[in-house]
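Novice: Okay, here's what each chain looks like letter by letter:
Protein chains: 2
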Amino acid sequence: METTKIKVTLIGTGTIGLSFAAFHLAKLSPSQLTIYDTRSDLSTYIEEFLPKFFESGKSPADLSEIRLAVTLQEAVSDSHIIQESGPENLDVKRKLWKEVEKYAPNDALLWSSTSGIPASQQAQDMQDKTRLLVVHPYNPPHIMPLLELVPSSETSDTVISRTQDFWRERGRVPIHIKRETTGFVANRLAFALLRESIHLVNEGVVSVSELDQIVESSMGPRWSVAGPFKSYHAGGGPAGLEGFFKNIGGTVQSCWDDAGTINVGDGWEEEIFKQAKETYGTVDVSERDRITRRVLDVLEEEKGKGTS
Amino acid sequence: METTKIKVTLIGTGTIGLSFAAFHLAKLSPSQLTIYDTRSDLSTYIEEFLPKFFESGKSPADLSEIRLAVTLQEAVSDSHIIQESGPENLDVKRKLWKEVEKYAPNDALLWSSTSGIPASQQAQDMQDKTRLLVVHPYNPPHIMPLLELVPSSETSDTVISRTQDFWRERGRVPIHIKRETTGFVANRLAFALLRESIHLVNEGVVSVSELDQIVESSMGPRWSVAGPFKSYHAGGGPAGLEGFFKNIGGTVQSCWDDAGTINVGDGWEEEIFKQAKETYGTVDVSERDRITRRVLDVLEEEKGKGTS
Chain C
0 METTKIKVTL IGTGTIGLSF AAFHLAKLSP SQLTIYDTRS DLSTYIEEFL
50 PKFFESGKSP ADLSEIRLAV TLQEAVSDSH IIQESGPENL DVKRKLWKEV
100 EKYAPNDALL WSSTSGIPAS QQAQDMQDKT RLLVVHPYNP PHIMPLLELV
150 PSSETSDTVI SRTQDFWRER GRVPIHIKRE TTGFVANRLA FALLRESIHL
200 VNEGVVSVSE LDQIVESSMG PRWSVAGPFK SYHAGGGPAG LEGFFKNIGG
250 TVQSCWDDAG TINVGDGWEE EIFKQAKETY GTVDVSERDR ITRRVLDVLE
300 EEKGKGTS
Chain R
0 METTKIKVTL IGTGTIGLSF AAFHLAKLSP SQLTIYDTRS DLSTYIEEFL
50 PKFFESGKSP ADLSEIRLAV TLQEAVSDSH IIQESGPENL DVKRKLWKEV
100 EKYAPNDALL WSSTSGIPAS QQAQDMQDKT RLLVVHPYNP PHIMPLLELV
150 PSSETSDTVI SRTQDFWRER GRVPIHIKRE TTGFVANRLA FALLRESIHL
200 VNEGVVSVSE LDQIVESSMG PRWSVAGPFK SYHAGGGPAG LEGFFKNIGG
250 TVQSCWDDAG TINVGDGWEE EIFKQAKETY GTVDVSERDR ITRRVLDVLE
300 EEKGKGTS
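Protein chains in written order, with numbering that gives the first Met the number 0: chain C, 0 to 307; chain R, 0 to 307.
Treat the hints with care, as some may be off.
Claimed, not checked - Using C-beta positions, here's what the derived DEER-type ranges look like: (1) C:299 <-> R:276: 19 to 29 Å; (2) C:152 <-> R:266: 22 to 32 Å; (3) C:273 <-> R:90: 36 to 46 Å; (4) R:269 <-> C:257: 21 to 31 Å; (5) R:296 <-> C:30: 36 to 46 Å; (6) C:245 <-> R:157: 20 to 30 Å; (7) C:57 <-> R:296: 20 to 30 Å; (8) R:276 <-> C:153: 29 to 39 Å; (9) R:157 <-> C:26: 55 to 65 Å; (10) C:266 <-> R:280: 41 to 51 Å; (11) C:2 <-> R:86: 54 to 64 Å.
Unchecked claim - Lysine to aspartate or glutamate pairs mimicking EDC-like chemistry, simulated, CA-CA at most 20 Å apart: (12) C:302 <-> R:241; (13) R:97 <-> R:73; (14) C:304 <-> R:286; (15) C:302 <-> R:286; (16) R:276 <-> C:241; (17) C:273 <-> R:241; (18) R:177 <-> C:257; (19) C:97 <-> C:124; (20) C:245 <-> R:241; (21) C:302 <-> R:87; (22) R:276 <-> R:209; (23) R:304 <-> C:168; (24) R:245 <-> C:124; (25) R:273 <-> C:257; (26) R:302 <-> C:257; (27) R:245 <-> C:286; (28) C:6 <-> C:106; (29) C:302 <-> C:168; (30) C:57 <-> C:286; (31) R:128 <-> R:156.
Unchecked claim - Derived, one-sided and incomplete: chain C residues facing chain R with beta-carbon distance under 8 Å: (32) 67; (33) 69; (34) 71; (35) 91; (36) 116; (37) 119; (38) 144; (39) 186; (40) 190.
If you are wondering where the hints come from, they were derived from the structure by calculation, not from laboratory data.
C-beta: ideal position from N, C-alpha, C; glycine also.
Let the hints inform the model, and build the full structure from the sequences given.
Specialist: Structure follows, in structure tokens:
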């Protein structure tokens, strides 16, 4: 479908919902966007908070042209894409999709931004479970390229590929996650590294700030350019990943054997929360996002050359 | 000490040794650098391979002015810094430092690039164990900013701070690791994420290529700008890291409970090595390094503004 004709409905106006609104408004005109939320001050709320998601606080178009829906029926009845970023509550989502299904066009794509509630559970009360899938962003979605597409076993292949096409055409990186796994993929990976980070700080090997500096000056930049498999495949020389494990598989296994298995509530919290607070206070997120954009611009330009 | 007077001796001319040579030559004149290696073709070897470590294959100065030492005594007798990047073999390193100690000036700094053999073990045969520490780079050191400084319990504080100063003055990020931990810190963190990556590919959740794309489009860029603690501290809003764990500590713990505990030799190797080979063939490392430099340039420029 032509971009100029696509109608997108966003349900929920928390941080993720507004960030997705900012993303869509970079490609669509405000009149193609509908926002639905039960809050009574929706109009003034959008007017105040949505501009913060644009660089230098300026939106590219007249935000008053966004359609603010009062009923769910009105919100979804002529939409091509219905994207919910509501509370992380299964009952709420089950009821929502059951209602959406009544009013939305038959071929509308139904996306949930959830970070943890599988499409299979959300779709339980739907007649047609083929159209719903999780489209999980990496926060904030108006900046970060990744979208994890997590269908249920009933989501149709056509719906998956239409969803992939939508994001690819907009320069994003939609990855089809083949199984409904706890935490999907990105969070599982990040949390694995976070667990070891907590362990090392808890053991007094480095501080919170030193640990962050280590990641920022090594893995961060490296993995921006080449993910872990590609990096270690390169590290193994001509023998690739196999050569890497032949050379230092023993060291890898020693690290795994010695890895921390700390849990939430184990008592590390107080000291580490304190260090984080003392080191960072309140993080200037707009500054972080501005720098992240610059890094992503370099990467996008280089990938555009077909080098990665 | 003035940079123009510092004399550096490099022992070992593998990939790490040559990369360190390239790093030093960006700051020192070739005549301040001594390279020692027992290979008989050292001169032609350096001439052929060292230039590859410079951008566009051109070294900034006349490499023939590097002093190539024939004996260890000659190599170290008037050096301020002696940096070994030899084979990962404890016996070799123990003997080396015992010899180096005989001939080197009393206040020379002694650094090992090892990724796994602690300074305490390497120093066993030395009279004065206060000067030796591990200075572990993130490969390749002529590009990546991180140096893990891992002293033994006998390394003196002065030696640690002189070593930190050296690297900081050269725009690098030397982090003092407080305990001799298996794999130090960076590799432990990276291998924790690698383990979960292998698990997820092995379970068929995503492919090798998809996993890399996920990291390249999410954590990589994010952690270039803000490490894991800073990121999640920001993610928790005004309540910081504590707020983050209050909000989604349950999801974090679920991911930890479900994390893969795969080991080297468990049988995942064949399929994953094959996927890596088919996806990447031989990685163009010079291309990777060129893009990495661009990313690091952005980050350095931004940090120079005092924003991170």
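Novice: Which hints, by number, does the structure contradict?
Specialist: 6, 12, 20, 21, 23, 24, 25, 26, 27, 32, 33, 34, 35, 36 and 37
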